[in-house]
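Peer 1: Residues per chain are reported as follows:
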Amino acid sequence: MNPWTEKTESVEEWLGLLRSRPEIMENVTFWHTQPARPARTVSIPANVHPKLVEALRHKGIADLYTHQAASFQAVAAGKHVVTVTPTASGKTLCYNLPVIHTLLHDDSARALYLFPTKALAQDQVAELQELANLMEADIKTHTYDGDTPPTVRQAIRNAGHIVVTNPDMLHSAILPHHTKWVKLFENIKYIIIDELHAYRGVFGSHVANVIRRLKRICRFYGSEPQFLCASATIRNPQEHAERLIGEDVALIDDNGSPAGEKHMVFYNPPVVNKQLGIRRSSVLESQKLAAMLLKSGIQTIVFARSRVRVEILLTYLQENIKHELGKKSIRGYRGGYLPKLRREIERGLRNGEIRGVVSTNALELGIDIGQLQACVLNGYPGTIASTWQQSGRAGRRQGSSVTFLVASSNPLDQYLIQNPDYFLGRPPEEARIHPDNLLILLDHLKCAAYELPFEEGDTFGGEKLTDLLEFLAEEKVLHRVGNRWYWMEQAFPAHSISLRSAAQENFVIIDQTDGHRVIGEVDRFSAPTLIHEEAIYLHEGVQYQVEKLDYPEKKAYVREVNVDYFTDANLAVELKVLHVDLESTSGALQRQYGEVTVMAKPTIFKKIRLRTHENIGSGPIYLPEEILHTSGYWFSFSEEESGKRSANDMQMALLGLANVLIHLAPLHLMCDPLDIRVVPQVKAVHTKRPTIYFYDRYPGGIGLSQRLYEKHEELLEEAGRLIMGCGCLSGCPACVGPIEEVGLLGKNLALSLLQGTRESS
Amino acid sequence: MSGLRERLERLRAQSPEVAAESIQAETTVSAKSEEHLLHADFRHIGVELKSNENGQFLLRRIVYPFPYRHGRYELAELREGASHLSPIAMRQNQNSEPIDANKLLFLDTETTGLGVGTGNVPFMVGFGYYTERAFVVEQTLIRHPGEEKAMLSYLLGHMKDKSHLVTYNGRTFDWPVLVNRFILNGWRRSGPEPGHLDFLHPSRALWRNTLPSCRLSIVEEERLGIQREHDVPGSMAPALYFQYLSDHNPIHLHGVYAHNEKDVLTLASLAVHFGKLLGGISRDAEDEGPEGEELFRTACWLEKHGNTESAERLFDLLGDREELGDGSGWSLALAARYKRAGQHERALPLWRKSAEKAENSALPKLDAHVELAIYYEHRDKQLLTALTYAEKALELAHMRARLSRDSASRNEEKEALLRRVTRLRDKVSRERM
Chain A
1 MNPWTEKTES VEEWLGLLRS RPEIMENVTF WHTQPARPAR TVSIPANVHP KLVEALRHKG
61 IADLYTHQAA SFQAVAAGKH VVTVTPTASG KTLCYNLPVI HTLLHDDSAR ALYLFPTKAL
121 AQDQVAELQE LANLMEADIK THTYDGDTPP TVRQAIRNAG HIVVTNPDML HSAILPHHTK
181 WVKLFENIKY IIIDELHAYR GVFGSHVANV IRRLKRICRF YGSEPQFLCA SATIRNPQEH
241 AERLIGEDVA LIDDNGSPAG EKHMVFYNPP VVNKQLGIRR SSVLESQKLA AMLLKSGIQT
301 IVFARSRVRV EILLTYLQEN IKHELGKKSI RGYRGGYLPK LRREIERGLR NGEIRGVVST
361 NALELGIDIG QLQACVLNGY PGTIASTWQQ SGRAGRRQGS SVTFLVASSN PLDQYLIQNP
421 DYFLGRPPEE ARIHPDNLLI LLDHLKCAAY ELPFEEGDTF GGEKLTDLLE FLAEEKVLHR
481 VGNRWYWMEQ AFPAHSISLR SAAQENFVII DQTDGHRVIG EVDRFSAPTL IHEEAIYLHE
541 GVQYQVEKLD YPEKKAYVRE VNVDYFTDAN LAVELKVLHV DLESTSGALQ RQYGEVTVMA
601 KPTIFKKIRL RTHENIGSGP IYLPEEILHT SGYWFSFSEE ESGKRSANDM QMALLGLANV
661 LIHLAPLHLM CDPLDIRVVP QVKAVHTKRP TIYFYDRYPG GIGLSQRLYE KHEELLEEAG
721 RLIMGCGCLS GCPACVGPIE EVGLLGKNLA LSLLQGTRES S
Chain B
1 MSGLRERLER LRAQSPEVAA ESIQAETTVS AKSEEHLLHA DFRHIGVELK SNENGQFLLR
61 RIVYPFPYRH GRYELAELRE GASHLSPIAM RQNQNSEPID ANKLLFLDTE TTGLGVGTGN
121 VPFMVGFGYY TERAFVVEQT LIRHPGEEKA MLSYLLGHMK DKSHLVTYNG RTFDWPVLVN
181 RFILNGWRRS GPEPGHLDFL HPSRALWRNT LPSCRLSIVE EERLGIQREH DVPGSMAPAL
241 YFQYLSDHNP IHLHGVYAHN EKDVLTLASL AVHFGKLLGG ISRDAEDEGP EGEELFRTAC
301 WLEKHGNTES AERLFDLLGD REELGDGSGW SLALAARYKR AGQHERALPL WRKSAEKAEN
361 SALPKLDAHV ELAIYYEHRD KQLLTALTYA EKALELAHMR ARLSRDSASR NEEKEALLRR
421 VTRLRDKVSR ERM
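If you read the protein sequences in the order shown, they are chains A and B. For reference, each letter of the first sequence is one residue, going 1 to 761 in full-length UniProt numbering. For reference, each letter of the second sequence is one residue, going 1 to 433 in full-length UniProt numbering.
Read the hints as simulated data drawn from the structure, not as lab findings. Keep in mind that the hints are not guaranteed to be accurate.
Heads up, simulated EDC-like pairs for lysine to aspartate or glutamate below, C-alpha to C-alpha not over 20 Å straight-line [to be verified]:
no.	chain 1	residue 1	chain 2	residue 2
1	A	K476	B	D247
2	A	K464	B	D247
3	A	K576	B	E6
4	A	K464	B	E9
5	A	K576	B	D247
6	A	K476	B	E6
Calculated from the model, a selection of chain A residues having no Cβ within reach of chain B, i.e. all distances over 12 Å [to be verified]:
no.	residue
7	E344
8	D649
9	P666
Nothing here was measured: the structure is a model prediction, and the numbers come from that model. Even for Gly, the Cβ is constructed at its ideal location relative to N, Cα and C.
Please model the complete structure; the sequences and the hints are all you need to start from.
Peer 2: Right, here's the structure in full:
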């Protein structure tokens, strides 16, 4: 009898069985067990409204966890707070408690809740309404977003006690029409910002400015609301909250919620080709582990990094366990599913009808799906914080849970799987924002001026406001009268400013083989090299040729083909340093930070035969040059150090090093890998030396390069550790890159270049 | 970090389309010195400087002593006819005072942008009202946004003894924009909202299908006999005002003043028109013989506003028409109305005429045939005639299907017809046996 087809009593028992299987255990590089943690509670503070106490009792809440009580007290003391606790620790009560308490005392009080997505907003409304019903209190809670029917909007504006919305809606619909929201803004007591960690990078920088505008409107109506924030674990929750809302914030992180024992297992798929450093597919291995768990009756969530992977894993899993479980008990979950379907899946997970779910990070945020028993991560989610968030989906208050991290072959995954200390030994990433990015700031200044005129002495962000306002006046956007600046333009500025712009401007790919069908998307920055005309575009293993690229309309028209080559485009990137702001030299290395202009233009593409990789033809690409003014950080090697090797070797060494750094940088910055770029140059125009440049891929920069400049030492140290720790012989995709790219000696060249700088420093 | 100015300059270079020419410093200075002395080009058109406790603004006041004719109508006619407008007010307001011409404020704003967001500024507010002997138009203008409060308080003063705002789309545009400004200037709503007589809605009800658009300029030209010469279109107003803001030359605004003034006059003229229609005084619907479609819309509108007598008269007039005219959509609607009222004998000729028209059309409608088939099958019991119409309808349906490449809804229609034809054939053959 195969013990694996048996239902097990508990996760502990299942893990016991797992440990007895050497063919699996030999791929486990690391096994960490977090002991169970008991609850720490205090009684509900005596000053909480009795109706609320009664309702909580009814829900089975007789005591509060320490962090819930602490946050209630801090709010009562009039402070802005940020609560940081893991998934499923009763975080929402930290802000709902003071809000409901206040509303019970004062019917005219108002609160505004902000969530990054619509789905989270709807969850929240259901929870608040349940509480209001229990108390038989007339507390009106409404979502206000793009789906809200126009007929009820007015009622919400006038009578909603709690308005639940998202930053985009606040930016484009509520603030520019604040005169319709007089009741809300005159009486607003609390602003709730949940999932604070989601507001980072460009998006976070925009949101910080939306909050500056929100505070301005509140001041106009004579109110001074308290901000109650909640965040998943990040390294700098307090600093992040303070930057985002521009106020001093009290940090509440004394987590009093209980947790069962938690196992974190790192799993590295076995190597199948040592020379090329190729491992067995992480998708297949993830699928294997998930199937084992599901067959044993353990409720499991699988996270995959892309939508396509979700679909592949789902198909495999449904096929694999169709004899044990019905197809309906394993579901997919990702953006692009309709809300109704999502609700159905969430419900199924909560009541246990659905035994397994394969999801993108859409389920990482606080959508209520109850607590599962096991979690399989197909590939490292990209940040330590995300990993903990996702793994937090498994873990009940009693009983054990397990998370598998199945590494893919990319350098970051391989670095982590081989350096588990890195993962456990350090706090999660920082959330960075740069609200004073000039372009973002100017955009929101326009919106703010549209909402209310500016006056001499007003503040908005860190730059000198008068200069900015004068600039906008010269551009004939504002009109100055005495010491006031008024909006004087026909446009509605919020409409042309999207908070999530950078990553959202996608090109759609339209297959016209048989009618017109959208088969995929490519982000704007990748478009010139991936879907230029005549490019071969691969989608789900099928080859398509791009027939027409409509650049202004952001559409690529493709047709299915069957050819024996792929295309590879050359992107000529020219980088000009405009201004050096910071610099320092240590040993053979000089590093600098400043403003740069990046000009990127695709030049030609090559046709490369499959398997043999011989060049069988080429063609020009006619696309406009993209110019980007941004901030950058770069380091260059001394002439002495570079003189030790030939130009060609230097090229390979730089390339190899750049390949490693581009994977490590997003890890440190907690940013999207697309937000930061790396360019190696053997003889840079600015320094005349071999140089590696990093730049923020957002106009004006968003503080990423600056952070890297500060973390320079750490970054290089880890790059060295990653290269050395890689099991390949002479370079592989998991470290400096494949030997086709960096040559047979690439790995050693990169390493020696790195070591050379460390010895001489 | 390089200087902010420097970085701003670089941004400017980045977006050539916004690289604007720098402002002429001298004009700004010269404008300043004229703060107290109004520019001659303002005075030429009768604009004066006005002050109140909230500051200064400009005012232009034009008096039109009676009799004054604007287009087809004598404006004084409203003094008797205003009460006929009550049904419109009843439909547009929850409860409405009776309409008295002396308590109407005819209002039209010129704004810096579109939409009702907080950044859209009404830089000119024109309003008109009746006095004993004249119709008066007043136009307030702000030379810059700082004068807004003074202008708004002046407007509020004029609203005090008025019961209704007479506007064109004012309920959803002009008034909400003004409400924004009141709130932004620190005033809160107190007392009842003004009543509305928004003429956009009745205009749409009457002319939706017969005028190319229901813009005020089209309506006045086509239906009120008003010709404007050298009119500056309203859409140009913001750009002209911005021009004035940058060089302080009042010439740019002359056209805007004229346009706004005419708009206010037209509102009064339109009020006369609607008052006459509702009061049953206007016979021009009959006299001038407008298209059937418009006559029908007018009749429906009158009926909806409680004037059944005039409505019936128009419906009768339509029913007796020999020719259906081009837009004959109304004839089926009118026939349906007769059918509902059990007056089949009145519906019958309309259906017949429509059916005849359909058979000669390249894009036939088959509704009339279907109605006739139903009528002859169930009412008149002439099964053969019913069958003839049903078969003809089926033929037309096939023709339509060919033209529209067979959509699903057409299929349903055809199937229903097919069933009808089969049933009728059965009945006919049974009858013959």
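Peer 1: Next step is simple, just say for each hint if it's right about the structure.
Peer 2: For each hint, the structure was consulted:
1. As the CA atoms of K476/A and D247/B are separated by approximately 12 Å, the hinted pair is consistent with the 20 Å bound.
2. With a CA separation close to 28 Å, the supplied pair K464/A and D247/B exceeds the 20 Å bound.
3. A C-alpha spacing of about 17 Å is found between K576/A and E6/B, which places the hinted pair at or below 20 Å, so the restraint holds.
4. Annotation: proposed proximity of K464/A to E9/B holds, straight-line Cα distance about 15 Å (limit 20 Å).
5. With a CA separation close to 40 Å, the supplied pair K576/A and D247/B exceeds the 20 Å bound.
6. Restraint check for K476/A and E6/B: the C-alpha separation of about 19 Å stays at or below 20 Å, so the hint holds.
7. At the 12 Å boundary, the C-beta of E344/A stays outside the reach of chain B, the nearest C-beta of that chain being 29 Å off.
8. Chain B leaves D649/A outside its interface by the beta-carbon criterion, the shortest separation being 37 Å against a cut-off of 12 Å.
9. Consistency note on P666/A: stated as away from chain B, and its beta-carbon is indeed over 12 Å from all of that chain's, at 25 Å minimum.
In the structure shown, a violation is registered for the earlier hints numbered 2, 5, in ascending order.
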